[in-house]
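Each protein sequence line maps, in turn, to chains W and H. Residue numbers 1 to 409, in my numbering, belong to the letters of the first sequence in order. Residue numbers 1 to 331, in my numbering, belong to the letters of the second sequence in order.
This list has only true hints and no planted wrong ones.
Pairs of lysine-lysine residues, derived as PhoX-like cross-links and limited to a Cα-Cα distance of at most 20 Å, are as follows: (1) W/204 <-> W/398; (2) W/231 <-> H/171; (3) W/199 <-> W/368; (4) W/268 <-> W/241; (5) W/231 <-> W/241; (6) H/171 <-> W/232.
Okay, the calculated bits of chain H under chain W, using three or more residues with CB under 8 Å as the criterion: (7) 65–76; (8) 181–187; (9) 292–298.
These are calculated hints, taken from the structure and not from any lab test. Heads up, the beta-carbon is just placed ideally off N, CA and C, and yes, glycines get one too.
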Amino acid sequence: MAVSGCGTSTNSGSGTETKEITVWLMDGSAPTTLTDALNKEFETANGIKVKYEVQKWTGIQEKLTTALASSTPPDVIELGNTQTASFADQGTLADLTADAGQFNGGEWLGGLKDSLTLNGKQYGVPFYAANRTVIYRTDLLQAAGVAKPPTSRAEWLDAINKLKAANASNPEFQALYLPGQSWYFLLSLIWDEGGDIAKQDGGKWTGTLDTPQAKAGFEAYKALYDASAAKKVPADIDEAKPQQMEVFGTGNVGMMVGLPWELAGAVKAKPDLKDKTAAFPIPSKKAGSAAPVFLGGSNLAIPAASKNSDAAKKYLALLSSKKYQDMLAEGGAVPGTSKDTSKLASNAIGKAMADSSPNGKVTPVTPKWAAVEAGQNPLKDALTAYLTGAKTLDQATKDASEAITKAMA
Amino acid sequence: MTAVKTTEAAAPAGDLPPALPPAVTGGAPGRRRAGAFDRALPYLLLAPALIAILWLIGWPVVSVFVTSFRQLNLGELVRGEIVWTGLDNYVTVLRDERFWTVSLRTVVFTVAVVGASVGMGLLIALLMRVLTPWVRIALQIAMLCAWAMPILASTTVYQWMFDQNYGILNKTLVQLGFDSFAGYSWFSSGTSTLSVVGLLIVWQAIPFLAFSLYAGLVGIPRDLYEAAGIDGATGWQTFRAVTWPEIRSLLMMVTFLSTLWDFKVFAQIWVFREGGPSGESTTLPVLQYLEGIAKSHFGVAAAISVLMMVILGLITFQYLRKLLQTEEGKI
Numbered sequence: 001m002a003v004s005g006c007g008t009s010t011n012s013g014s015g016t017e018t019k020e021i022t023v024w025l026m027d028g029s030a031p032t033t034l035t036d037a038l039n040k041e042f043e044t045a046n047g048i049k050v051k052y053e054v055q056k057w058t059g060i061q062e063k064l065t066t067a068l069a070s071s072t073p074p075d076v077i078e079l080g081n082t083q084t085a086s087f088a089d090q091g092t093l094a095d096l097t098a099d100a101g102q103f104n105g106g107e108w109l110g111g112l113k114d115s116l117t118l119n120g121k122q123y124g125v126p127f128y129a130a131n132r133t134v135i136y137r138t139d140l141l142q143a144a145g146v147a148k149p150p151t152s153r154a155e156w157l158d159a160i161n162k163l164k165a166a167n168a169s170n171p172e173f174q175a176l177y178l179p180g181q182s183w184y185f186l187l188s189l190i191w192d193e194g195g196d197i198a199k200q201d202g203g204k205w206t207g208t209l210d211t212p213q214a215k216a217g218f219e220a221y222k223a224l225y226d227a228s229a230a231k232k233v234p235a236d237i238d239e240a241k242p243q244q245m246e247v248f249g250t251g252n253v254g255m256m257v258g259l260p261w262e263l264a265g266a267v268k269a270k271p272d273l274k275d276k277t278a279a280f281p282i283p284s285k286k287a288g289s290a291a292p293v294f295l296g297g298s299n300l301a302i303p304a305a306s307k308n309s310d311a312a313k314k315y316l317a318l319l320s321s322k323k324y325q326d327m328l329a330e331g332g333a334v335p336g337t338s339k340d341t342s343k344l345a346s347n348a349i350g351k352a353m354a355d356s357s358p359n360g361k362v363t364p365v366t367p368k369w370a371a372v373e374a375g376q377n378p379l380k381d382a383l384t385a386y387l388t389g390a391k392t393l394d395q396a397t398k399d400a401s402e403a404i405t406k407a408m409a
Numbered sequence: 001m002t003a004v005k006t007t008e009a010a011a012p013a014g015d016l017p018p019a020l021p022p023a024v025t026g027g028a029p030g031r032r033r034a035g036a037f038d039r040a041l042p043y044l045l046l047a048p049a050l051i052a053i054l055w056l057i058g059w060p061v062v063s064v065f066v067t068s069f070r071q072l073n074l075g076e077l078v079r080g081e082i083v084w085t086g087l088d089n090y091v092t093v094l095r096d097e098r099f100w101t102v103s104l105r106t107v108v109f110t111v112a113v114v115g116a117s118v119g120m121g122l123l124i125a126l127l128m129r130v131l132t133p134w135v136r137i138a139l140q141i142a143m144l145c146a147w148a149m150p151i152l153a154s155t156t157v158y159q160w161m162f163d164q165n166y167g168i169l170n171k172t173l174v175q176l177g178f179d180s181f182a183g184y185s186w187f188s189s190g191t192s193t194l195s196v197v198g199l200l201i202v203w204q205a206i207p208f209l210a211f212s213l214y215a216g217l218v219g220i221p222r223d224l225y226e227a228a229g230i231d232g233a234t235g236w237q238t239f240r241a242v243t244w245p246e247i248r249s250l251l252m253m254v255t256f257l258s259t260l261w262d263f264k265v266f267a268q269i270w271v272f273r274e275g276g277p278s279g280e281s282t283t284l285p286v287l288q289y290l291e292g293i294a295k296s297h298f299g300v301a302a303a304i305s306v307l308m309m310v311i312l313g314l315i316t317f318q319y320l321r322k323l324l325q326t327e328e329g330k331i
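Full structure from sequences and hints, please.
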């Protein structure tokens, strides 16, 4: 009876009652060295057990929906940054605005802070971010006569062509592995040209893929796609199907636009790649600078129905301390609550990522965005239709803009 | 009014009983009570099972129907709120021109797939009747293997076969001299994508159909065929006059079942191209998934479910009518 009595006092989170908190983090997010140390420190300091569970990304939307709808949700959850607004809007996450101070609020990563802010309130704590860089084979670039990594889009195209020419004897060779639906990379090109996905006007979102700037981004994508290889990757697949790291691991690929964990996966399959790979930021069309990148990442949040919110806050406070943020950076991610990225810059990919992360942007922060990305993504459809010639650029971008306007209405 | 009613109701009750008892007390009441009990007994015994079945099967249906009149997004689900919106969900769905294109596409797709699979199933069943036992057993084993293959496994194999760069189909076609199939994309349009998916579904459905129809064919007495042969009937005439009448009702039943199955196919379509390119291979079950799971609009998805049931009812109306008629005829 005492237990059920405690259960009704939602949100009171009386610290004395809490014996255990449930923490859900995602597969591949924080290194186990970090979580082991964190959970141990939290347990000894507070006398509260941590029930730590790792979740898979596949089907997480459904799983979170069910968990958040239950009366005993987990106490700490990790959410993709593009998912956060929609969960916050539905009233499923606790408002943490007043507690930002104990979570190192002054050093939050801008792009992630935006993604968890809705109507001026914060519904989470930034966890980590990662952005795409161009991962390349140092040995192959050298052999093709490309002395230093390209620093403009023109130089990049030039390097791709040289790489292609040098490996012409291999029919399977991809100078740049670029599937037709790599839409996060498309965002970089659109932003680099000065365009955007959608604009907000008086609370109403309108797709803006049919602007000249956004169209220029599509054209840049096509130029790279056409140059990428003699035998191009199909235009109707994305970077996850098949996993591009597996393709990179075959050794027939010169470059790919990817995340650090993707290189780690390729190295795991083919260990000798470790000493032959490096990365450079996605080059801008303007020589010498990096193109804006999509800031992928995660936020941590406390479900509104959590009965142990005080303990959960303590857990988040510990995680946002510099010690653990440095461990995140060491693991190859941009830390969410610390501006210090020196640990990250110690390896080649980390440096390229740190160089471009200040330029990080996110998809429109609105609860409506989830509907665009989940299910049939108009950006992917537009890319496929344009690259295969099924639609003209004008038609493809117009249709995609309308689809986005409709999905976000 | 109420006062009048009560007196009216009370009057016969007061009048009649005194007249009846003498006739009834003759020893009959015990038997009458036992008779009512005897008649009720089977129903009482069946009741627990019947209630359990109705609960298991009926409740989800009722729940979908009720949900279709609610606004049920993630927020309402989490907060446990009940918001009635009347017919709003239906208006949203029916006003969306996409729903009509998708419905039409689903119906055409179902008809084509059911027609092809039942037709092929029947041909194979007829073939099995004339094959020598060894060949027939080999064919049956092959079909059992195809049938036993999990849906997602066979879908994956089909994806590989139709792969643009490395698929065995394109490679074979190029070897045969059709050079234009080098790097040909089988999934560049909705029609083409649905054709491939349809082929897969037909392939998966044939074993069941062929086995069922073969079972029906085996039941036809051999002497009927001998008699037809003596009368000098051709193969087609024999089929029309002997085989067809015997398997017609069975054929109707498997067609009905196939229609139910193929109308709500989701996994294969979703796995191939998630209803793409540009939503051109989206069918009603995919649309329902997009609304319900991807956008968390459970009320709208429920409305689509109810509309799907209506469409399915319309397609199978003739069969359902015949089914009910024969039932009545038997009673």
